[in-house]
Amino acid sequence: METILDGRGLARTYWLGATPVKALAGVDITIRRGEFLVLQGPSGSGKTTLINLLGLLDRPDGGTLDLDGVPVATLDENARADLRRDRFGFVFQSFNLVAVLTASENVEYPMMLKGVSRDTRRLRAAELLSRVGLSEKAEVRPDLLSGGQRQRVAIARALANEPEVILADEPTANLDTQTAYDVLDLMSLINEERRVAFVLSSHDPRVVLRAQRVLTLRDGRIAESPSLR
Amino acid sequence: MSLMALALRNVARNRRRSVLTGGVVVFGFAAIALSGGFMSQSFDGLRDGTIRNGTGHLQFADPAFFSGSEDAALEHGLSGSDRAAANLKKDSEVDEVLPRIDFVGLVTNGSRSVPFLGTGLDPAPEARTMDTARLLVSGRWLLDANERGVVLGSGLARALNVKAGDTITLLATTPEGVLNAVDATVTGLADIPIKELDERYLATTLGLASDLLVSSGRVSKLVVVLREPADAAAALPRLLASLNRGGIEVAGKTWEELAVFYRQVRMLYIGIFGFMGLVLVVVVLLAAANTMMMAATERTREIGTLRALGTRPSAIRRMFIAEGLILAVLGCLGGALVSLAIRAALNHAGLTLPPPPGVSHGEPLHVNLYVTAYAAGALAMSATLVVASWFPARRASRMPIVDALAHV
Numbered sequence: 001m002e003t004i005l006d007g008r009g010l011a012r013t014y015w016l017g018a019t020p021v022k023a024l025a026g027v028d029i030t031i032r033r034g035e036f037l038v039l040q041g042p043s044g045s046g047k048t049t050l051i052n053l054l055g056l057l058d059r060p061d062g063g064t065l066d067l068d069g070v071p072v073a074t075l076d077e078n079a080r081a082d083l084r085r086d087r088f089g090f091v092f093q094s095f096n097l098v099a100v101l102t103a104s105e106n107v108e109y110p111m112m113l114k115g116v117s118r119d120t121r122r123l124r125a126a127e128l129l130s131r132v133g134l135s136e137k138a139e140v141r142p143d144l145l146s147g148g149q150r151q152r153v154a155i156a157r158a159l160a161n162e163p164e165v166i167l168a169d170e171p172t173a174n175l176d177t178q179t180a181y182d183v184l185d186l187m188s189l190i191n192e193e194r195r196v197a198f199v200l201s202s203h204d205p206r207v208v209l210r211a212q213r214v215l216t217l218r219d220g221r222i223a224e225s226p227s228l229r
Numbered sequence: 230m231s232l233m234a235l236a237l238r239n240v241a242r243n244r245r246r247s248v249l250t251g252g253v254v255v256f257g258f259a260a261i262a263l264s265g266g267f268m269s270q271s272f273d274g275l276r277d278g279t280i281r282n283g284t285g286h287l288q289f290a291d292p293a294f295f296s297g298s299e300d301a302a303l304e305h306g307l308s309g310s311d312r313a314a315a316n317l318k319k320d321s322e323v324d325e326v327l328p329r330i331d332f333v334g335l336v337t338n339g340s341r342s343v344p345f346l347g348t349g350l351d352p353a354p355e356a357r358t359m360d361t362a363r364l365l366v367s368g369r370w371l372l373d374a375n376e377r378g379v380v381l382g383s384g385l386a387r388a389l390n391v392k393a394g395d396t397i398t399l400l401a402t403t404p405e406g407v408l409n410a411v412d413a414t415v416t417g418l419a420d421i422p423i424k425e426l427d428e429r430y431l432a433t434t435l436g437l438a439s440d441l442l443v444s445s446g447r448v449s450k451l452v453v454v455l456r457e458p459a460d461a462a463a464a465l466p467r468l469l470a471s472l473n474r475g476g477i478e479v480a481g482k483t484w485e486e487l488a489v490f491y492r493q494v495r496m497l498y499i500g501i502f503g504f505m506g507l508v509l510v511v512v513v514l515l516a517a518a519n520t521m522m523m524a525a526t527e528r529t530r531e532i533g534t535l536r537a538l539g540t541r542p543s544a545i546r547r548m549f550i551a552e553g554l555i556l557a558v559l560g561c562l563g564g565a566l567v568s569l570a571i572r573a574a575l576n577h578a579g580l581t582l583p584p585p586p587g588v589s590h591g592e593p594l595h596v597n598l599y600v601t602a603y604a605a606g607a608l609a610m611s612a613t614l615v616v617a618s619w620f621p622a623r624r625a626s627r628m629p630i631v632d633a634l635a636h637v
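Going down the list, the sequences are from chains L and U. Note that the working numbering numbers the first sequence so that position 226 is 226, with each residue one more than the last. Here the working numbering = 1-based position in the second sequence + 229.
Chain L extracted, bound-state conformation (with noise of 0.2 Å):
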């Protein structure tokens, strides 16, 4: 599969008062095409530092990351914005869904960035939230929606630029065991249908049975070498 993203070597410490804490120390990744990856590991372990580089939504202390074979650890942060608004889509542990926006405005946001048409973004966000089951609560705030729904509506915003690679940091933690196991039935069909890559991290058993490669983590490093299932 072709490779997308490729970090060698990511380090991220972290200041706690005057202790520097190891978060990653010196992490080899690979993300290809389509693929469904989990990373797994312990409180601790690295995880959500992971992502977060794998994001650029942090930068690393040490290493390279390749995005299509461009480092992009060093680019400024507009291009780091426009990059996650274009190739990226993310879906948070707390769901994160703006809370004075509609359902179908939150899946609108990202591609009012990109500057899509009012019309086009329109007909894009109903068509998503008709994807994630929710077309009758388009015009619905998140407040009024349930964790399952939110998270599905977060799942629809991550899908609305037609990203390369979706990041999730633990998606079923705030969820119920059958909202979790619906949750990852849709992200796994997304992920076939679309050819999305999905990166997720996550303790939870339930994730780690649909990973097709799962990483895990342990202080920091790699602690088991890549399997694909």
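Derived by calculation from the structure, the hints in this document are not laboratory data. Just so it is clear, the structure is predicted and the values come from calculations on it, not from any experiment. Hints are not guaranteed to be accurate.
[Stated by the list, open to error] Taking beta-carbon pairs under 10 Å as the criterion, some of the chain U residues facing chain L (in silico):
no., residue
1, S231
2, L232
3, N390
4, K392
Using N, Cα and C, we set each Cβ at its ideal position, and we do this for glycine too.
Fit chain U to the supplied structure of chain L, relying on the hints for placement.
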């Protein structure tokens, strides 16, 4: 949906806080608009008082007269003032031309002598166009240009212990340096609002002043009263050109150039109201900055999400500044309505203000609709809200995304 629409919804998100901030803007705007209207009314009153208390809109005299270096009355007097007055009266904007003779001397009741500042004038047009005749508290104004009467300031009359109907003697030095004296009847007493002037004020007819100074046909200056609305600065060069074309060499000054006191009071008012305005702006700035800072802090996680989705830092800043501007515009609109309502209430309350400095009588309170103050209020409030939004916006746009997303 756009960033502006998002900003609008963010303003509506916490209504109570937005109403409080908008209320501060309403208060700030209304205070600026109303104090500006009051200041405008005060300036108008002071201007009218200055012009109608004797200065007129324009004054024309021998160029040396304005240098203030006259050693004796009429040393730089105008000859042929009738010709100059006729020339000036041809202008359609000129309402009246008032010849004046300025002189100083001593006035005596036979037992006591007091120095005075005298003005020889033509009583009828002076009474029509100036307020001096209205300051009379006893007796009457002068009748005609040759009457041998005087009007004294109340303070001067007290010093001489004279009243209307009494006879006094005026002593003055002629332009040739000869001491001369004439008798005159006190026709009336006037309350001059400035105490120092009240103790020296003496008005008489041009005829008596000419007799005293032995200089018939000469005046110190011509005071011009323009028709309202008057534009003295525009009229001066036009009238000077007309006089010059008529072969009359004189200099001219506008009332504003002559009224040092007016300029000083104006500067004082501007200083006081400017300081008040500055205090208001600081109060609004602090209140609005606090609100915007709270809004930014509460929405830290959401800002992190927007940035994660690809919103550039500059767009985050624009969104916060747009929120500030929306509050400013709504607050200014509310402030304008409140100002108009308070203005209408005050103007119909029948209140009378104490007279401004140098003016004899108080005016009814009438807060002007001073558009400049409304514009200044809107500008000041908008700029203040932009500044108040800028720092939280800058902070929000610079925060690392992962920190913002982890904010609880």
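Here is how each hint holds up against the structure:
Annotation: S231(U) was flagged as interfacial toward chain L, and the flag holds, the nearest CB pair being 7 Å apart, inside 10 Å. Look at L232(U): its Cβ gets to within about 8 Å of chain L, closer than 10 Å, so that hint holds up. For N390(U), the interface hint is violated, since its Cβ never comes within 10 Å of a Cβ in chain L; the closest pair sits about 83 Å apart. Here the hint on K392(U) is broken, as its CB sits about 81 Å from the closest CB of chain L, past 10 Å.
The structure shown violates the earlier hints numbered 3 and 4.
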